[in-house]
Structure formats: structure tokens, C-alpha cells
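Novice: Taken in sequence, the protein lines are chains A, B and C.
Going by my numbering, the residue at position 33 of the first sequence is 33; the numbering climbs one at a time, nothing skipped.
Going by my numbering, the residue at position 72 of the second sequence is 72; the numbering climbs one at a time, nothing skipped.
Going by my numbering, the residue at position 120 of the third sequence is 120; the numbering climbs one at a time, nothing skipped.
Don't take each hint at face value.
[Said to hold, decoys possible] If you want the footprint, here are the derived chain A segments under chain C, 3+ residues with CB under 8 Å:
#1 86-94
#2 98-112
#3 127-133
[Said to hold, decoys possible] Okay, the calculated beta carbon distance ranges per label pair:
#4 A:Glu42 / B:Arg136: 29 to 39 Å
#5 B:Gly35 / A:Glu42: 34 to 44 Å
#6 A:Ser3 / B:Ser221: 52 to 62 Å
#7 B:Lys209 / A:Leu199: 26 to 36 Å
Since the hints were made in silico from the structure, they are not lab data.
Please read these numbers as outputs of a predicted model, since none were measured by experiment.
C-beta: ideal position from N, C-alpha, C; glycine also.
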Amino acid sequence: MTSIVVFTLWCAAISTAIVIPIGLAISWALARLRWPGKSIVETIVALPLVMPPVATGLILLKLFGRRGPFGFLEVVFTWRAVVIAMIAMSTPLFVRSARVALEEVNVRYEHVARTLGASEARVFFAITLPLAFRGIIAGIVLALARAIGEFGATIVVAGNIPGRTTTLSLAIFDRIQLGKDSEAYRLLVISVIIAFVALWINEAIVRRRPNAGP
Amino acid sequence: MAHALILAAILHVSAAASLTDALREIGAQYQKASGDTVLFNLGASSLLARQIMEGAPADVFISADELWMDRLQSRALTVKSSRKSILSNTLVIVVPSDSSLKINSPEDLASVSVRNIAVAEPATVPAGIYTKQYLRTRRVWDRIAFKVIPTDNVRGALAAVESGNVDAGIVYKTDALISQAVRIAYEVPRAEGPKISYPAAVVADSRGKAAAQRFLDYLSSEPARAIFRKFGFLPP
Amino acid sequence: MLVLDRVRLPLAHFELDVSFETKARATGIFGPSGSGKTSILELIAGIRRPESGRIVIDDVVVNDVPARKRAVGYVPQGESLFPHMTVERNIRFGVRDHQTENFIQRVVQVLEIAPLMRRGVGALSGGEAKRVALARALVTSPRLLLLDEPLAGLDRPLHARVIDFLIRVRDELRVPMLYVSHDPAELQQVVSETMVIERGTVVG
Chain A
1 MTSIVVFTLW CAAISTAIVI PIGLAISWAL ARLRWPGKSI VETIVALPLV
51 MPPVATGLIL LKLFGRRGPF GFLEVVFTWR AVVIAMIAMS TPLFVRSARV
101 ALEEVNVRYE HVARTLGASE ARVFFAITLP LAFRGIIAGI VLALARAIGE
151 FGATIVVAGN IPGRTTTLSL AIFDRIQLGK DSEAYRLLVI SVIIAFVALW
201 INEAIVRRRP NAGP
Chain B
1 MAHALILAAI LHVSAAASLT DALREIGAQY QKASGDTVLF NLGASSLLAR
51 QIMEGAPADV FISADELWMD RLQSRALTVK SSRKSILSNT LVIVVPSDSS
101 LKINSPEDLA SVSVRNIAVA EPATVPAGIY TKQYLRTRRV WDRIAFKVIP
151 TDNVRGALAA VESGNVDAGI VYKTDALISQ AVRIAYEVPR AEGPKISYPA
201 AVVADSRGKA AAQRFLDYLS SEPARAIFRK FGFLPP
Chain C
1 MLVLDRVRLP LAHFELDVSF ETKARATGIF GPSGSGKTSI LELIAGIRRP
51 ESGRIVIDDV VVNDVPARKR AVGYVPQGES LFPHMTVERN IRFGVRDHQT
101 ENFIQRVVQV LEIAPLMRRG VGALSGGEAK RVALARALVT SPRLLLLDEP
151 LAGLDRPLHA RVIDFLIRVR DELRVPMLYV SHDPAELQQV VSETMVIERG
201 TVVG
């Protein structure tokens with residue numbers, strides 16, 4: 001049981017670590033730029049939120065299966081597919097939070113920073129990001145929580161392989177399917193504890209930055 | 001032994017979830033005996049088949065019914081000659097363990113004292129498909145169809161009976177054995193029941209066909225059969 | 001020193017079309033609110049790009065020069081100090097290594113903000129915040145300082161004081177400035193030439 005929890009947390013951590021830079025880039029582009037076809041990108045990013053997770057899983061399977069364009073990577077049925085599923089499902093949530101947070105930062109501060117000689121990178125890291133801190137942290141916690149709870153897409157593209165790809169949520173589902181309710185409940189309690197810890201960390205981080213935010 | 005180590009393979013076996021416990025034991029035994037590593041991917045037969053259709057790296061496929069095996073075979077995704085049925089099962093009618101309901105034949109399901117019957121979705125879940133097939137041949141289905149509460153899967157049907165929310169349910173014998181809160185009211189005799197079969201085959205795109213075949217052969221061997229029997233399965 | 005040559009920019013209700021030239025140390029831009037004054041400053045600072053026309057600062061066409069390289073100081077209307085930094089960090093934000101510490105101290109002295117350095121931005125009064133914003137723009141030694149309604153939001157008694165500071169910036173630090181206001185009396189005290197704007201065009 002510990003190994004399932006450790007495996008899930010490990011995959012969720014990797015997935016979130018990948019989601020943050022990619023998600024920030026997408027959120028920033030959506031918040032600050034305009035270009036033809038922007039709504040297409042918005043839709044694609046929002047899709048996993050709107051479709052049933054299994055559908056997202058099927059799309060991932062089509063992309064990463066042996067017959068798909070990324071089949072050569074051979075990630076299906078491995079922990080990498082777990083991470084990919086987690087990324088696919090938690091990115092939309094992160095982008096949602098981060099985009100709003102970035103949009104709420106008054107561009108005037110960014111303009112002034114530019115006139116003071118700051119490069120785009122400096123504007124982003126010294127001005128925009130710190131001012132959007134709260135919303136972005138919330139997005140990270142959401143992404144992490146979503147990754148830990150991810151199930152529907154994972155089971156399709158990573159399979160339910162005990163010892164290799166069984167995540168916490170999958171294990172709970174599995175035990176229930178097999179009538180092993182007491183084991184299921186134990187895993188459920190662990191999930192709830194993890195959720196509490198995540199929320200507590202979120203609070204702690206946000207509380208320590210009184211000046212963040214306009 | 002050294003010979004086995006040189007040829008040691010990693011096998012991906014996609015198998016119906018209902019076989020989980022039995023396969024875990026069989027897998028452990030097989031690994032010791034052959035030196036190969038067996039990784040089981042457990043899930044609904046429909047999902048497993050979809051994965052194989054999209055090129056997921058499975059070596060062996062064990063389905064809970066012929067339908068999904070047929071589908072893969074028609075797409076040339078399995079090695080036809082390797083296909084064989086490895087198990088069978090019986091249907092049972094279960095009632096809550098504190099129920100006094102007496103079921104002596106499937107026709108009793110039509111009686112007024114049976115208000116609702118939980119069955120795994122008769123259109124897609126193997127257990128449900130077999131149930132409908134069986135009750136049709138007994139000419140009972142049309143009389144009880146309106147009482148049928150379809151559930152997402154067998155576990156759901158079992159849970160419905162356990163909770164007392166339905167008067168009866170129809171599941172596999174192997175499922176009924178899991179639960180303490182239900183009692184088997186009627187066991188469909190093998191001769192009368194539908195021909196329940198768990199077909200297994202080597203996947204056409206497998207990169208370890210020899211190892212896959214070896215495992216398939218093992219599933220029909222006596223040690224494996226003994227374990228299956230222990231969990232309530234019948235030989236094919 | 002500053003030339004706007006047929007600079008055009010479509011705005012919400014009209015098109016901005018400005019041609020103007022000045023060599024004065026302090027120039028005013030006068031017009032009613034909504035006439036495009038702020039947009040002109042944004043164009044000069046490099047925050048917005050004109051649709052056509054040339055912007056020339058000190059004989060250099062800066063159209064394709066990004067804001068961070070234009071060396072134009074900008075003090076916009078409203079809150080502009082970075083809220084998550086102290087006064088000192090705000091002021092030093094644009095300072096690169098070669099800017100001398102002496103000059104920074106000079107600016108701080110002229111604007112009388114030395115006692116404010118350690119404070120958070122939220123702990124400043126309106127007048128103090130304006131002076132800090134001024135200092136922040138000045139320490140980068142800009143070749144041109146843009147002021148958008150510097151007295152906006154300040155109580156009347158404070159106006160004279162801030163105007164005083166601006167005159168000191170003009171005369172002691174000798175930084176050329178462009179001063180936007182809707183109040184002619186205010187402008188009169190600081191600038192020697194004025195561009196009059198109405199609905200996007202220069203009328204005087």
C-alpha cells in the first residue's frame with residue numbers, strides 16, 4: 001500500500017513540475033496576447049475539463065499507442081503514461097487559475113517595468129509572477145490534487161498494472177470492484193489525508209506573502 | 001534454470017478484472033517456474049480490447065467473453081491459432097443474505113415477490129450478456145425485463161443486492177463468493193446455462209510470442225487450473 | 001529634441017493624428033480628458049506602436065526601438081509603484097551597475113524621499129508615492145521624462161509642493177520633460193511650450 005501512495009505522489013510531483021512551466025507559458029499567452037486562432041487553443045486546453053476523462057484517455061492512447069505519431073516513445077503501460085495522463089488532465093485546471101491570476105495583474109506595472117529597462121523575462125519574473133503569486137499557487141495545488149486523483153484517463157493509456165502503473169485512485173476503484181472494501185477504505189482515508197496536507201501547504205505558502213496581489 | 005534466465009521475458013497480459021485474484025497467484029507461481037516476469041493489466045474486457053486495437057503493447061489477451069475476442073480476431077489483432085477458452089463460470093441468482101426469498105428456478109424470478117433484479121448492463125457487460133441470453137432461452141426474459149435494473153458492472157449488481165436495495169441479482173458464481181452479504185439462492189446447472197467462456201489468445205503485435213504462448217499453455221495446466229478452481233471458476 | 005511626424009493610431013472613438021516638434025526643456029500637452037494625451041505618451045515611451053508616422057527623440061528614429069532601450073522615463077497616472085516591493089527596491093529597479101550611487105542620492109535628496117526608503121508602497125501618502133515614482137524614473141537618467149497628470153488624485157494643498165519638486169527636477173537635475181495636463185494654470189508654472197490636443201489632433 002505504501003508503494004502505491006509513493007508511486008502516485010512521485011508521478012503527480014513530476015507531472016506538476018512539467019505542468020508549471022508549460023502551463024505558465026500557455027496562460028501568459030492567453031492572458032496577454034491576441035492572435036488568429038486563439039479560441040482554438042483555448043478550446044483544446046479546456047477540452048479535458050469538458051470531456052469524460054476516459055475520452056481524453058482514448059485520445060492519448062491514439063497518440064501514444066504503437067500506431068500513433070508518438071508510438072515510438074513506447075510509453076503506454078508504463079509510469080510515463082501515468083505522468084502524461086496526469087499532465088493532460090491537470091493542465092486545464094492550472095491554466096484556468098493561472099490565466100485569471102495573470103489577467104488580474106495590472107499591465108501598467110509591466111509597462112513601467114519595460115520603460116525602466118527590464119527585458120521581457122525580467123518583467124515576467126520580477127513583476128508579473130510575484131503579483132500573480134496567489135492565483136498561481138492555487139493553480140499548482142489544483143494541478144497536484146487533480147494529478148493525484150486522476151483515474152479515468154490513466155486507466156486507458158497506462159493500464160491498471162499492479163506494481164507498475166496502479167495509482168491511488170485506480171487502486172481504490174480496483175479494490176471496490178473486487179469487493180475488498182476494507183482495503184478500499186484504507187486507501188480512501190490516505191487520499192483524504194493527502195488532500196488535507198495539500199490544502200494546508202497551500203494556506204501556509206499564501207499566508208506568508210502579504211504583499212502579493214494588487 | 002540458467003536456460004530459462006537467458007530467455008527471461010517480460011510479458012504484458014491484459015486480463016479481465018474478474019480474474020485478478022486468481023491470476024495474481026498463478027502469475028507468482030509462473031514467474032518462479034519460468035523466470036519470466038508477468039505484468040497483468042486488469043480491466044474491463046472492452047477497454048482492454050480497445051487498448052490492443054490502438055497498439056498498446058500487450059502480449060496476451062484474456063477476455064471475459066467471446067465478443068471482444070471475436071472483434072480483435074476479425075481485425076487480425078490476435079494469433080488465431082493460439083485462441084482457446086481457458087475457463088468457464090456459472091451464473092447464480094443471489095439474494096440479500098437476510099432475505100427469505102426462495103428461488104427454485106429462473107421462472108421464479110417472474111413472481112410478484114421479486115420486485116427488481118440487478119444485472120450488469122445486458123448490452124455490454126459479459127455477465128449481463130450471458131444473463132440475458134440464458135433467460136431468453138428459458139423464455140423468462142420478456143416477463144422480467146421491466147424489473148431489471150442494469151448496473152455498470154457486476155460489482156454494482158452485487159452491491160445492489162448486498163445493500164438490500166434490490167430483491168435479487170444475477171451474477172457469476174465467482175462474484176457471489178466474494179461477498180458475505182449475499183446468499184446464492186439458485187445456481188444455474190452447467191448443462192442448462194449459457195456457454196460462458198473466457199477466451200485467451202496471443203496478441204498479433206506481441207514482441208514475445210514464444211513467451212506468450214508458454215504462458216497461455218501454463219494457464220491450461222493443472223497447477224493453474226487448481227488455482228482457478230479454488231476461486232470458483234470452472235474448466236472450459 | 002522630440003519630433004512626432006504624422007504619428008497615427010486608431011483609438012476607441014477617433015484616430016490619433018499628431019505632428020509636433022519641440023526643443024524646450026519642459027513641454028506641455030494640454031487637452032480635455034479623452035483627447036488622446038495618454039496615448040501620445042504611451043507611443044513615445046514605446047508601450048504602444050503607431051500605425052504609421054515617425055517618432056524621433058534626440059534625432060534618432062525610435063519607432064523600432066523597444067521601450068526598454070528608449071531611455072524614456074514614464075510616470076503614468078494612478079498607482080504605478082510595484083506593490084510587492086519597498087520604496088528602495090522600486091527606485092533601484094531600473095538601475096544598472098554603471099549608474100552611480102551619487103546620482104541616486106542626489107535624486108533622493110532633491111525629491112526629499114530619504115526617510116521613505118524602507119517603507120512598503122502601501123504605507124505612502126499620495127504625494128509621497130508620486131515623488132517615489134518620479135525618483136524611480138529619474139535614477140535611470142532618462143533623456144526624456146513623461147508625466148501623465150502628476151497632480152491627479154492629490155489634495156489641493158499638495159499641488160504647489162509637487163509642482164515645486166517638478167521645477168527642481170527641471171532646473172537642478174535638468175531632465176527634459178513632457179507634461180500632460182487638462183489644467184492650463186498648472187502647465188503654465190512648469191512648461192515653456194504646449195501642444196494642444198483635441199480629439200486626437202493638434203490644434204495649437
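Novice: If a hint holds in the structure, say so; if it does not, say that too.
Specialist: Results of checking the hints against the structure:
1. With a cut-off of 8 Å between beta carbons, the region 86-94 of chain A has 0 residues touching chain C; three or more are needed, and the interface restraint is violated.
2. Coverage of the region 98-112 of chain A by chain C holds. Counting CB-CB distances below 8 Å, 5 residues qualify, and the rule asks for three or more.
3. Figure legend: the region 127-133 of chain A, annotated as covered by chain C; annotation consistent (3 residues with Cβ-Cβ distances under 8 Å, at least 3 required).
4. At about 50 Å, the CB distance of Glu42 (chain A) to Arg136 (chain B) disagrees with the hint of 29 to 39 Å.
5. Under the hint 34 to 44 Å, the C-beta atoms of Gly35 (chain B) and Glu42 (chain A), about 53 Å apart, miss the expected range.
6. Between Ser3 (chain A) and Ser221 (chain B) the CB atoms are about 31 Å apart, so this pair departs from the stated range of 52 to 62 Å.
7. The given range of 26 to 36 Å is broken by Lys209 (chain B) and Leu199 (chain A), whose C-beta atoms sit roughly 50 Å from each other.
Hint violations for this structure: numbers 1, 4, 5, 6 and 7, all remaining hints satisfied.
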